[in-house]
Every structure is written in C-alpha cells, then in structure tokens.
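A.B. asks: 1 is the number of the first residue of the sequence shown in the UniProt record's numbering; add one for each residue after it.
Hints listed in this document are in silico derivations from the structure and should not be mistaken for laboratory results. Built from N, CA and C at the ideal position, the CB exists for glycine as well. It is possible that part of the hints are untrue.
Claimed, not checked - Quick list of the computed label-pair ranges, beta carbon to beta carbon:
| no. | residue 1 | residue 2 | range |
| --- | --- | --- | --- |
| 1 | His25 | Val72 | 36 to 44 Å |
| 2 | Leu153 | Ile99 | 24 to 32 Å |
| 3 | Gln50 | Arg146 | 16 to 24 Å |
| 4 | Gly70 | Asn2 | 17 to 25 Å |
| 5 | Thr14 | Arg84 | 14 to 22 Å |
| 6 | Gly30 | Glu76 | 31 to 39 Å |
| 7 | Glu154 | Leu16 | 40 to 48 Å |
| 8 | Asn119 | Gly70 | 40 to 48 Å |
| 9 | Asp59 | Glu103 | 40 to 48 Å |
| 10 | Glu140 | Asp38 | 35 to 43 Å |
| 11 | Ile58 | Glu102 | 35 to 43 Å |
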Amino acid sequence: MNTNPMSQSRTIQTHLILPPDTNHHETIFGGRVLAFIDEIAAISSMKHAQGAVVTASIDSVDFLSSAKVGDVLELEAVVSNAGRSSMEVYVRVTSTNLITGEEKLTTESYVTMVAVDDNGKPVPVPGIHPETEAEKRLYETGPARRAHRKQRLEMKY
C-alpha cells in the first residue's frame, strides 16, 4: 500500500475564546478543548484516509496551562502513525494573548481514529512517512505509544 507524507494530514484551526467557552475562573472549559481536539483529529485523519472516520479513543490529554477569555487558541494536528485502519493523531494546542503577544503551550493530545465505510466497518488506510525531524520523532515513538494503548486495553478492572 502507498504511504502519504505526514504533512498531507496537517490541519490548523484557530478559535477565539469567548465568555460562553469559560468557567467561573474565566479560563476555557477542558471539555471545550476536548471537543476542538476531537474535531481537528477527525479532519486530519479524514484528509489522510480520504474518507469517513470515527473516534476510537482519546489516548492522552495533558492540560499544561490555561487559556483565558480573549485569548486565541491554535490547534495543530497531524497523523503521526497509521495501522491497517487506525490512525494516531497528534494534536498540539497553543494559546496566544493578542494584546501582550504571550504564547504558551496549553494542551497536547493523542487521539486514535478509525477509517470506516458507509456501513461503519473499518477500511484500510495508507501508511505514512515523516519528512521533518519533528515528524520523525513523532513517527519513531509511535510504536511505543501503540504498545501502551494495547496494554491499557488489556488491563482488567
């Protein structure tokens, strides 16, 4: 099967944080950030799969700093690894205060998406190949994250 460059799936979204997006501390709700992450992961993986996808899991979410009303969130997503029908998507979220220019990393996440047909059955996706050093680091650490996901799913509660 052919492979696609990781850059083909790269997707960027920008959102202005407004009062309805925030809690009583005037910082963005974590759930709002999760919705943005899920949406951009879907778009990025659809670009790679050239078809419909579903969210299989949000594997990790690290909220590293908060963003406030008036800040701008920028989300960047890229398919960082691909299996037979599944794709791991790395999402990086930064916030910028447009008045002061301060920019900070707010969230990092890995999401697993699965390509599906019209009946919701998994379908094959192309492989990927990295082009930049940053992409190579993401790609090369993918098998360890995949093993961790598999181990987590096999745990009995």
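A.B. asks: Does the Cβ-Cβ separation between Gln50 and Arg146 fall within 16 to 24 Å?
C.D. replies: holds (22 Å)
A.B. asks: Starting from the hint 17 to 25 Å, judge whether the C-beta atoms of Gly70 and Asn2 obey it.
C.D. replies: Since Gly70 and Asn2 have Cβ atoms about 44 Å apart, the given range 17 to 25 Å is violated.
A.B. asks: For the pair Asp59 and Glu103, does the Cβ-Cβ distance stay inside 40 to 48 Å?
C.D. replies: At roughly 26 Å between Cβ atoms, Glu103 and Asp59 fall outside 40 to 48 Å, so the hint is violated.
A.B. asks: Using the beta carbons of His25 and Val72, state whether their distance is inside 36 to 44 Å or not.
C.D. replies: violated (18 Å)
A.B. asks: Lying within 24 to 32 Å: is that true of the beta-carbon distance Leu153 to Ile99?
C.D. replies: Violated - the Cβ-Cβ distance for Leu153 and Ile99, about 45 Å, lies outside 24 to 32 Å.
A.B. asks: I want to verify a distance hint. Is the separation of the beta carbons of Gly30 and Glu76 within 31 to 39 Å?
C.D. replies: violated (19 Å)
A.B. asks: Mind checking the hinted window 35 to 43 Å against the Cβ distance between Glu140 and Asp38?
C.D. replies: violated (26 Å)
A.B. asks: Quick one: are Glu154 and Leu16 within 40 to 48 Å, going by C-beta?
C.D. replies: Distance hint for Glu154, Leu16 holds at roughly 42 Å.
A.B. asks: Does the Cβ pair Ile58, Glu102 satisfy 35 to 43 Å?
C.D. replies: violated (28 Å)
A.B. asks: Honestly, do Asn119 and Gly70 meet the 40 to 48 Å range at C-beta?
C.D. replies: Once the Cβ atoms are compared, 45 Å apart, the range 40 to 48 Å for Gly70 and Asn119 holds.
A.B. asks: Does the Cβ distance between Thr14 and Arg84 fall inside 14 to 22 Å?
C.D. replies: About 33 Å separates the Cβ atoms of Thr14 and Arg84, which means 14 to 22 Å is violated.
Checked against the numbered hints above, the structure violates hints 1, 2, 4, 5, 6, 9, 10, 11; every other hint is satisfied.
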